[in-house]
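> Given next are the chains, with one letter for each unit.
Protein chains: 2
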Amino acid sequence: MFDKNAFIHHVYFWLKNPGNNNDLLALIEGLKKLSSVKTIKSFHIGKPAGTSRDVIDTTYSVSWLLLFDNKEDQDSYQVDPIHLKFVDECSHLWEKVVVYDAVSV
Amino acid sequence: MFDKNAFIHHVYFWLKNPGNNNDLLALIEGLKKLSSVKTIKSFHIGKPAGTSRDVIDTTYSVSWLLLFDNKEDQDSYQVDPIHLKFVDECSHLWEKVVVYDAVSV
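The listed protein sequences derive, respectively, from chains A and B. Just so we're aligned, residue 1 is where the first sequence starts under this note's numbering, counting upward by one. Just so we're aligned, residue 1 is where the second sequence starts under this note's numbering, counting upward by one.
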């Protein structure tokens, strides 16, 4: 499924108000809109899976996993107007974001 | 690509000796063997993509992204003899592991 040039962009969001369901839904709605960016090959909007071991970080609110065909498509996504609009509209919802970008070894 | 029951298991490894190429190759080799676990739907072995922004964690050595069809398959993977052998043979290589498990919202 992942070809050699695949670019994996995985973002974890921690909400400012993790107990607020409206904030959670607003972020999910924002990500759904964001998923329309043309260079995104596949996306997954996730939440903690309910697993529990000491190495598992279960504290995030939303996982946003994106697959791109290559690095150029990810670079393009970063400056896509839809992305900038998402940040503008939704960034007040989160307290912390951690991003891991990975390419094939 | 991701269906409703998809289970995303994303592991980030920090090597004990991040500058040691033999250790890096040994971990990658171990992950390649580990990828033969039958319940794994897709896998990606990655390294930091060379991107740089303050929200990006670029400090890990290896990214190990697994897709399972459902939670049961991931549970099975955790206790698969091939997985246990991998931990036995490779855990001396890493200093830190962080895992994020995600299911669809």
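No lab work stands behind these hints, which were simulated from the structure alone. Hints may be right or wrong, so weigh each one.
[As the list claims (entries may be wrong)] Non-contacting residues of chain B with respect to chain A, defined by C-beta distances greater than 12 Å in every case (computed):
hint, residue
1, Phe7
2, Ile8
3, Val11
4, Gly19
5, Thr59
6, Phe86
7, His92
8, Lys96
9, Ser104
[As the list claims (entries may be wrong)] Now the in silico label distances, taken between C-beta atoms and shown as ranges:
hint, chain 1, residue 1, chain 2, residue 2, range
10, B, Ser104, A, Asp57, 29 to 35 Å
11, B, Lys96, A, Pro81, 35 to 41 Å
12, A, Lys33, B, Asn22, 23 to 29 Å
13, A, His92, B, Lys47, 40 to 46 Å
14, B, Asp3, A, Asn5, 21 to 27 Å
15, B, Ser42, A, Lys71, 26 to 32 Å
16, A, Ile82, B, Lys32, 33 to 39 Å
17, B, Ile82, A, Trp14, 17 to 23 Å
18, A, Asn20, B, Ser35, 22 to 28 Å
19, A, Gly19, B, Arg53, 17 to 23 Å
20, B, Trp14, A, Asn20, 30 to 36 Å
Ideal placement from N, C-alpha and C gives every residue a C-beta, glycine not left out.
> Indicate, hint by hint, whether the structure satisfies it.
Status of the hints after comparison with the structure:
no.	hint	result
1	Phe7	violated, 6 Å
2	Ile8	violated, 6 Å
3	Val11	violated, 8 Å
4	Gly19	holds, 16 Å
5	Thr59	violated, 10 Å
6	Phe86	holds, 14 Å
7	His92	holds, 16 Å
8	Lys96	violated, 9 Å
9	Ser104	violated, 6 Å
10	B:Ser104 / A:Asp57: 29 to 35 Å	violated, 18 Å
11	B:Lys96 / A:Pro81: 35 to 41 Å	holds, 38 Å
12	A:Lys33 / B:Asn22: 23 to 29 Å	violated, 46 Å
13	A:His92 / B:Lys47: 40 to 46 Å	violated, 33 Å
14	B:Asp3 / A:Asn5: 21 to 27 Å	holds, 24 Å
15	B:Ser42 / A:Lys71: 26 to 32 Å	violated, 20 Å
16	A:Ile82 / B:Lys32: 33 to 39 Å	holds, 37 Å
17	B:Ile82 / A:Trp14: 17 to 23 Å	violated, 34 Å
18	A:Asn20 / B:Ser35: 22 to 28 Å	violated, 39 Å
19	A:Gly19 / B:Arg53: 17 to 23 Å	violated, 29 Å
20	B:Trp14 / A:Asn20: 30 to 36 Å	holds, 33 Å
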